[in-house]
Structures are given as C-alpha cells and as structure tokens.
Amino acid sequence: MKYLRAALARIAGVFTKHRADDDLREELQAHLDMETAEYVRRGMDPGAARRQALLASGGLTQAAEAVRDQRGLPWIESIAADIKYAFRALRRSPAFTAVVVLTLALGIGANTAIFSVVRGVLLKPLPHKEGDRLVYLRQSADGPGAASLQFSVPEVRDLQSGAKSLGGIAEYSPFFTTLLGDDGAVRLDIGLVTGNFFEIMGLSPLLGRLTLPSDDGPGVPPVMVLTHEFWKNRFGGDSGIVGTQVRTGGGPVTVIGVLQPAPSFPRQVDAFLNMVASPHHLSASMITGRTHRMTEVVARLAPAATLQQARSEVAAVYTRMQSDFKEAYDPGSHYRVAVIPFKEVLGERARLTLWLLMGAAAFVLIISAANVVNLTLMRGVRREHELVVRAALGAGVARLRRLLLVENLLLTFMAALIGVLIAIAGVGLLTSFAARYSPRASEIRLDGVVFGFVLVLSVTVALVMAFVASLPREGTFATWIAAGGRRMSGGVRKQRLQRGLVVAQIAVSVVLLAGAGLLTRTMVRLSQVDTGLKTEEVLTMQVQLLNPARFTPAADAENKALYDRMREEIRALPGVVEAGLGSIPLRASQVGFDLKAEGKSLEVGEAIPHADFRTASPEHFRAAGIPLVAGREFSSTDRAGTDRVVIINQTLADRLFPNEDPLGKRIAWTGDVLRFTPISGERRTIVGVVGNTQDGGLDAAPVSAVYLPFHQEVAMTGGLVIRADANVEALTAAATRIVRSIAPNVPIENVMTIRQIKDQSVSPRRLNAILISSFGLLALIIAAVGIAGVLAFSVSARTNEIGIRMSLGADAGRVQRMILREGGMLLALGLVLGVAGAFFGARVIQGLLFGIAPHDPATFIGVAVLMAAIGIGACWIPAVRAARVDPAIAMRSS
Amino acid sequence: MAEKLDVQPGTLALMILKTLEVLGPLHGYGINRRIEETSKNRIVLNYGTLYPALLKLEQEGFISAEWRPSENNRRAKFYALTAAGKRQLAREAREWHQTADLIAAFLGARRETS
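As you go down the protein sequences, you meet chains A and B in turn.
Residue 28 in this note's numbering is what sits at position 28 of the first sequence, and the numbering runs on without skipping anything.
Residue 96 in this note's numbering is what sits at position 96 of the second sequence, and the numbering runs on without skipping anything.
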C-alpha cells in the first residue's frame with residue numbers, strides 16, 4: 001500500500017515539476033532564512049550568519065537535486081533528456097548518421113528478409129495439427145529417375161500392418177486432370193486421396209467438409225476439396241463454390257470444401273479428389289501390383305512412438321518385403337526406404353541455399369556493425385573532450401555509458417525502420433525465389449516473430465556498439481579530467497580493436513566475394529552447357545489429348561489424327577523450318593522402364609539398365625535439332641502394324657553395346673510394371689543412334705533414352721516441337737491458335753522456347769549468384785569504407801607526428817608510403833584470413849556448384865586481386881592527405 | 001563538540017515522525033533543530049538529507065504538508081503527522097525497541113565458562 005501510494009505520488013511528480021520546483025526553492029530559502037536569523041539572534045553579524053547557515057545546509061542546489069530525484073522518476077526524465085540530447089548530437093553530424101544508418105539498414109534489411117524466409121520455409125511449425133508427428137516415407141533405388149519411386153498399394157498395406165509405430169498412413173497419388181471453364185481448359189494437378197487422408201494429416205476444412213471414409217471405393221460420387229491457394233487464384237475465394245459442380249476431363253465433380261492453407265509434397269496440387277475420380281486407381285492391377293508404385297506416403301507416428309522406433313520398424317518390414325517378393329526389388333538397384341520428418345522433407349531442397357543466404361546476410365550485418373563500431377570509436381575519440389567536460393560536471397561513467405547506449409539505440413532503431421522497409425520490399429522477390437525450392441513459400445510472413453528478431457538484432461548491435469566505445473573505469477576520471485580535456489589520440493588498445501575490425505571486414509568480404517565468384521561461374525558454366533541440340537530457335541508446347549479416364553484404341557487413333565493435323569498446319573506457317581511430334585527435348589519424360597538387350601545377360605549384382613521412354617515422329621529430330629549419330633531417323637512407314645523399331649541415344653548405346661555397333665540389335669522393355677501400361681515388352685530393332693540431350697536439366701548427368709516412333713505407340717502425351725529459322729517466339733500466337741482450333745477443350749501447357757527451358761534451369765542459380773554477389777559487393781563497399789576510415793583517422797591522430805617527421809626531413813612520398821604500408825598490412829592480413837575462410841566456406845556450398853571446383857584457383861585469385869585493388873584504392877585517399885600535411889600547421893595545432 | 005554520527009538508514013524517518021508527534025506541526029528548520037538538539041549535536045543534517053526524507057514520508061502518506069505563516073510571520077511549509085503516520089510511528093518504535101533490546105541482550109552477555 002505504502003509503495004503503491006509512493007509510486008503514484010512519484011509518477012504525479014513527473015508532471016508537476018515546475019510548480020514543485022518553485023515550492024521547494026521557497027521552502028529551502030525559508031529554512032536558510034530562519035537559520036540565518038537564529039545565528040544573528042545569537043550575536044553573529046548578518047554576513048557571517050548567512051555564510052554559516054549556507055555551510056550547514058550542505059548546498060542548496062545539491063539539496064534541490066536530491067529532492068528532485070526523490071520526487072519524480074529521475075531515470076525516466078534523464079532518459080528523455082538523453083534521447084533529446086542524442087537527437088541533437090546526431091543532427092550535428094549528419095554524414096556520420098547517414099553512413100551508420102544506411103549500412104546498418106542494409107544489414108538489418110537483408111537479415112530480416114532472409115530470416116522471414118528461413119522461418120517460413122524451415123523453422124515454423126507445420127500448419128498440420130501436431131505436424132511434428134508426421135513422417136514422410138521415401139522409397140528409392142540407384143539409377144536415374146529412382147530418387148523417389150513412391151509406393152504401390154500392396155507395399156502400403158504391408159507397412160500399415162507391419163509397422164505399429166506408424167499410427168496411420170495417409171496416402172495420396174499425384175495425378176492430373178483438366179478443368180473445363182468458360183475460358184477454356186486448364187490442367188489441374190490433383191492428389192487422389194483416401195477418406196482418412198486429411199484426418200491423419202491433421203488438416204481441417206476452411207469451408208465445407210473434407211473427404212471421409214464414406215468417399216472411398218467405387219460407386220460413390222466423385223468429390224473435390226480445393227486447396228486454399230487454388231480456391232483463391234481460380235475462384236477468387238468465392239465461398240459459394242462449395243456444393244457446386246465443376247467440369248473436369250473425367251466428368252462433373254462436386255466441390256465439397258476448401259482446405260486450410262497447407263503445403264503438400266512432393267509438389268503443390270490444386271485440389272484433392274477421392275479415388276473414384278480415377279478408375280485406374282481402383283482397378284485390380286493397381287491394387288495387387290506390387291511394382292505399380294503411384295502413391296506418396298505420409299504417416300503419423302503412433303502415440304508414444306519415436307522416430308527411431310518408426311525407422312527401425314519400417315526397415316524391418318521392408319527387409320521382409322524384399323525377401324518375400326524378390327522380383328519386385330532388383331538387388332542390383334539397392335532399393336531402400338527412408339523415414340523423414342515431414343517438416344524436414346518440405347525444406348529439403350531449400351535448406352542449403354537458405355542457410356547460405358542467411359549466413360551471407362549475417363556476415364554483411366557483422367561487418368556493417370563493425371564499421372559502425374569503428375565510426376563510433378572515432379567519433380568517441382573526437383568526443384572525448386565533450387565527455388570529459390560532462391564528467392567534470394558530475395556525470396558518472398554509468399550515465400555516460402547510458403548516453404552512448406541511447407545514441408546507439410536511436411541509430412539502430414532508425415536503421416531497423418529502414419531495414420524493415422527494405423525487407424518488405426525484398427520479401428516478395430525472395431518468396432518467389434523460395435517457391436522454386438519449397439512448397440512452404442506461401443507461409444513466408446513478416447510477422448511478430450520476425451519483428452521480434454529485428455528488435456533483438458537492433459538492441460544487440462546497439463549494446464555491442466555502446467560497450468566497445470571505451471570509457472574510463474569508474475575512479476580514473478580524475479586523470480582523464482586532469483589531462484585537461486585535451487584531445488587525445490585513441491589508446492593502443494582502441495587502435496588495435498579498430499584494426500582488428502578492419503581485418504575482419506576484409507576477411508569476411510573475401511569469403512563472400514569468393515562465394516559470389518563461385519556461384520557466378522557456376523551459372524556461367526551452366527548456361528554454357530551443351531544441351532545436345534543444334535539450335536535454340538525451337539518452340540515447344542505440350543498438348544494432352546489422352547483422357548486417362550476414357551482410353552480406347554479408337555480414341556488413340558483419333559488423337560493421333562488430331563496431332564498430325566496440328567503438326568501439318570503449324571509446319572505450313574511462314575517461317576517454320578520443321579515441325580515434329582513427340583517428347584519435348586530438354587524435359588524429363590517422367591516415364592522410364594527397365595530394359596534388356598537381346599543376347600546380353602547381366603552380371604551378378606549388376607543393376608538392370610533403365611532408360612527414359614521418349615517418342616518421336618519422323619521429323620522430330622530435325623525439328624528439335626538433335627543430331628543423328630548413326631543409322632536412320634524414323635520414317636512414315638514406322639507405324640502401327642509394321643516392324644517395331646527404336647532409336648537410342650548415345651549414352652544407352654555406350655551402356656548396352658560398348659565397342660559394338662548397336663544398329664540392328666534388338667532391345668525390349670522389361671519389368672512387372674509394364675503390365676499396368678499400354679506399352680508392350682516386344683523386341684524392337686535399333687535403327688538409329690542420336691546424340692544425348694540434357695533432358696534431366698542442364699546440370700544432370702546424361703540419361704539413357706529410347707525413342708519410339710510416335711505413330712507406333714499409344715500417344716500418351718503429345719509434344720509439338722517447332723523449329724524456325726529465326727525469332728521462333730514470334731510463332732507462339734499462331735501456333736497456339738492452330739492447336740486451340742483443332743482441340744478447343746484441351747489445355748496447352750509449357751509453351752516455351754528452348755531458350756526459355758534452358759533459362760528455367762539456369763535461373764535459380766542466377767538468382768543465387770545475384771543475391772550472394774550483391775551481398776559480396778555490399779561487403780566490399782563497407783570494407784573499403786572501413787579501411788579508408790580507419791586510416792583517415794589514424795592520419796588525423798598522427799598529424800602531429802607526421803609534422804615532426806616532415807620537419808625532420810621526411811618528404812611527402814615517404815609519408816604517403818608510411819600510411820600505405822599501414823593500410824597494406826591490414827589488407828594483407830585480411831586477405832590471408834579471408835582466402836583461408838573462403839577455402840572452408842566453399843566446401844560447404846559445394847552442393848550448389850556446377851562444373852567448377854570449390855577451390856577454383858581462378859576465382860580465388862580474381863577475388864583476392866579485386867579486394868586488394870579496392871583496398872589499396874581505399875588506402876590511397878588518406879595516404880595522399882597525409883602527404884599533404886603542412887608541418888608548420890601540424891606542429892602548431894597541438 | 002561531540003562526535004558526529006552518521007544517520008542510520010531508516011532511523012531518520014523515525015526521528016522525524018517522533019519529532020512531529022512530540023511537537024506537533026513543524027517546518028523543516030524546526031525539525032532539523034529538534035533532531036540536532038535531541039542528539040546533542042551528534043547528528044547534523046544538511047538539506048540534501050532532510051528534505052528528500054520529508055518528501056518520501058509525504059509520498060508514503062505518513063505526513064502531510066501545508067504552507068502557513070511561521071512564528072516570526074514568515075511563510076513556511078509545516079509538516080504534520082497523519083493518522084497513518086501515527087500508526088507507522090508506533091509500529092516502527094516497537095520494532096526499534098525490540099531490536100535494541102535484542103542487541104543489548106547480545107552485547108551484554110558475558111563470556112560463559114563451563
């Protein structure tokens with residue numbers, strides 16, 4: 001009670017200061033008068049009485065100060081005064097303020113933006129209920145295309161019954177259909193899910209309902225759950241959509257609900273449908289075929305089960321599966337299953353890149369903070385005079401330190417404000433960047449946690465800055481004051497700190513620049529990769545005529561006729577050199593099977609050869625610019641009913657027939673999985689060999705490929721490949737118009753030139769290189785400012801010394817060399833440390849490099865030379881200034 | 001002159017309250033005189049000690065202040081004990097007596113031989 005009352009009184013005291021001050025003055029004066037009167041009454045003369053009374057009072061000002069401290073909240077008042085003072089001080093040195101605020105703002109902005117991405121993509125808990133209990137199961141094997149094989153229905157069943165630590169298994173099959181609307185057809189990426197999928201995933205509906213076990217099996221109406229993103233983008237977030245029917249390639253489907261925002265893996269889908277939407281997924285072959293792997297598996301750990309238990313149990317079940325069904329798991333291909341926390345798998349492709357960016361941003365902040373510390377130190381020395389005066393007037397060390405802290409907080413908060421603005425501007429760009437790597441990019445937010453991060457960051461920087469500014473220890477003020485407030489050069493310790501910071505800045509800049517150099521060269525190497533195509537003037541587009549829900553030989557023949565019409569009409573367009581049908585070059589075909597060559601048997605333990613399934617019309621290779629290495633291209637006679645023929649690529653020829661002529665040899669697709677496809681395992685004669693193309697991406701190893709005549713196989717996908725003599729982009733409109741007129745209800749996808757496809761492969765790396773390069777450049781500038789600043793300061797502190805040297809006969813050149821030597825030492829040390837650091841740093845980013853060694857000497861030398869050149873340039877200015885010192889003036893100025 | 005003593009923490013408030021109880025409403029100078037006299041000049045208060053202490057007691061509600069003409073017709077600020085102040089005085093005096101007795105008992109103990 002007493003404390004509360006006192007506290008209230010004191011708070012009130014803050015606001016009634018002026019009146020109370022008058023009051024107090026009068027009260028103290030009255031006391032003094034009464035005491036003086038008393039002395040006079042005792043016989044002193046008035047002058048002496050007054051002196052005596054004053055002496056006894058202990059000082060009126062001090063007393064008033066003591067009362068004031070008791071009256072209000074002195075610390076708040078003095079902090080307000082400090083802020084006012086700090087503002088004034090900063091306004092007086094606008095250049096200093098601008099440099100500090102700007103460098104810090106860039107550092108804080110970069111960190112904020114990248115932290116928001118790291119948090120959204122890697123750190124934030126999943127939106128799924130108890131999302132940390134979800135695990136993703138990945139079946140993989142050796143060889144191209146086998147990094148993620150998915151699971152078959154029998155495999156899922158075995159896991160479900162065998163691994164008790166998996167509390168529930170949510171299966172979904174990535175699939176696609178078309179969505180027909182008023183504006184034509186679009187491809188719809190969907191997930192086919194079982195009724196318990198959402199319950200196990202821990203997801204709830206935003207609107208309507210999600211699929212239930214009652215939606216399972218045949219004979220139920222097809223239903224659709226929209227993902228949040230698709231609902232927003234396609235239907236404009238219209239809540240009236242629930243309950244309506246939409247038209248898809250497989251018939252009408254009822255929309256039953258909208259899902260809460262949530263990432264899906266391995267790719268973002270537009271909607272989820274129940275299994276009945278794909279008759280194939282309910283067919284007997286799907287349900288019994290062990291190698292018919294079309295299902296992604298996410299499981300929820302059983303209560304009390306640990307990840308370790310799940311891993312060992314799944315491994316045990318899988319080993320049993322492999323020994324029970326040997327034919328489904330080729331031992332040479334090393335089939336395996338990994339159990340990975342769902343959150344981890346969602347961030348798996350983004351992790352290295354994001355941590356790299358976070359590290360680079362942190363480096364930039366560190367060196368910009370180092371610069372600020374250096375500037376503060378210099379300013380601190382210039383202000384020593386002021387601080388001494390303040391100390392002499394009674395300010396304690398704590399008070400001075402607080403003043404510095406308030407100033408620094410003011411600086412960092414201004415910087416943070418600008419930094420946050422920079423982050424807001426940059427986060428959009430970064431989100432689209434992250435979307436290439438992670439399905440969680442839409443969760444990136446500048447939210448409270450991110451702003452908290454900014455706050456902690458700013459306060460930390462301010463604290464560090466305030467505490468490196470050297471203040472004397474309490475009690476040594478006397479010597480300070482005794483020095484008479486004469487300007488003192490920074491002590492040895494302080495100079496050492498400054499130099500250390502400059503060396504660190506140079507070293508960090510070198511590390512960043514080396515990273516930037518390596519990534520830039522990676523990007524250049526990548527864009528120089530030989531795609532295997534002879535020309536870039538090729539336009540490609542994909543037209544999906546096959547309706548997986550309604551497939552018959554008659555429909556196939558009809559589709560082929562349509563494709564032929566499209567090809568012929570496009571071929572007739574002016575400027576078109578050739579047009580072909582078949583798989584789109586530089587794009588993975590997504591379909592591949594095991595192969596056997598006639599008369600060849602596998603060694604024990606040798607992996608079964610595997611090749612991409614690609615199709616080509618007779619004109620295809622000429623249209624795409626794929627060189628024929630041996631044999632012949634397809635001809636118009638290679639169609640249904642004639643001898644089965646294939647053309648293989650160079651890689652497969654080398655793999656199957658080393659040192660032999662592959663022409664005339666026969667190969668056949670093999671494997672249980674063929675049963676579920678319209679592709680036969682008949683023997684086919686090799687009639688040609690073509691060059692390799694980088695279908696798996698520019699940085700991928702060459703993949704074996706088999707081309708089949710487009711007209712001899714079922715047309716599962718149709719790609720149009722159009723070659724022009726120049727400016728192929730100009731054909732886009734005309735070509736799409738032709739396709740649309742022939743097949744109005746079919747989506748046209750991936751309309752891209754070869755140049756664009758190439759660019760798609762290069763652009764993530766380009767963005768990487770650009771981001772790291774801009775950090776590197778920023779670091780370089782900051783380091784240059786740092787070294788120039790420290791030398792300039794050193795020159796001005798040594799003006800006196802330089803004057804003495806010059807008057808003793810040192811000429812300008814000698815003085816200039818002296819300063820350059822001082823800078824050169826720092827530079828050399830920084831370079832050595834930086835190159836060493838870059839050497840280790842490069843190994844960390846090895847995974848992001850392509851076609852270049854992590855310690856590529858050319859890059860390292862280039863970076864070192866650049867840093868040295870900039871550094872020497874930065875040293876030059878203060879060195880020249882030192883050489884211009886006039887000895888007469890220099891000596892007098894002390 | 002007698003030996004000067006430092007004011008023990010907390011004791012000044014007690015002295016002020018007791019002074020006001022004994023003498024009734026009084027200004028700062030009067031309180032100062034009274035404390036110096038009672039302590040036989042062993043305690044000399046400067047303003048910087050006395051006035052913050054008075055303000056603190058006022059903030060805590062144990063005394064109240066009022067401007068009034070003094071005995072020689074000079075305006076002065078008079079402090080008076082409030083009801084809460086009286087209770088506080090009684091409580092603190094009791095505690096002090098107890099503490100003093102305790103200390104006295106300890107210091108008065110003789111060396112025990114067994």
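Warning: the hint list may mix true and false statements.
If you anchor each label on the Cβ, the simulated ranges turn out as follows [as the list claims (entries may be wrong)]:
id	chain 1	residue 1	chain 2	residue 2	range
1	B	Phe106	A	Phe453	39 to 47 Å
2	B	Glu95	A	Arg496	39 to 47 Å
3	B	Gly108	A	Thr460	52 to 60 Å
4	B	Thr38	A	Thr460	53 to 61 Å
5	A	Arg496	B	Phe106	53 to 61 Å
6	A	Ala48	B	Thr38	25 to 33 Å
The hints are simulated quantities; they were obtained by calculation from the structure and are not laboratory data.
The C-beta atom is built at its ideal place from N, Cα and C for all residues, glycine as well.
Review point. Which of the numbered hints are not met once you compare them with the structure shown?
Key: 1, 2
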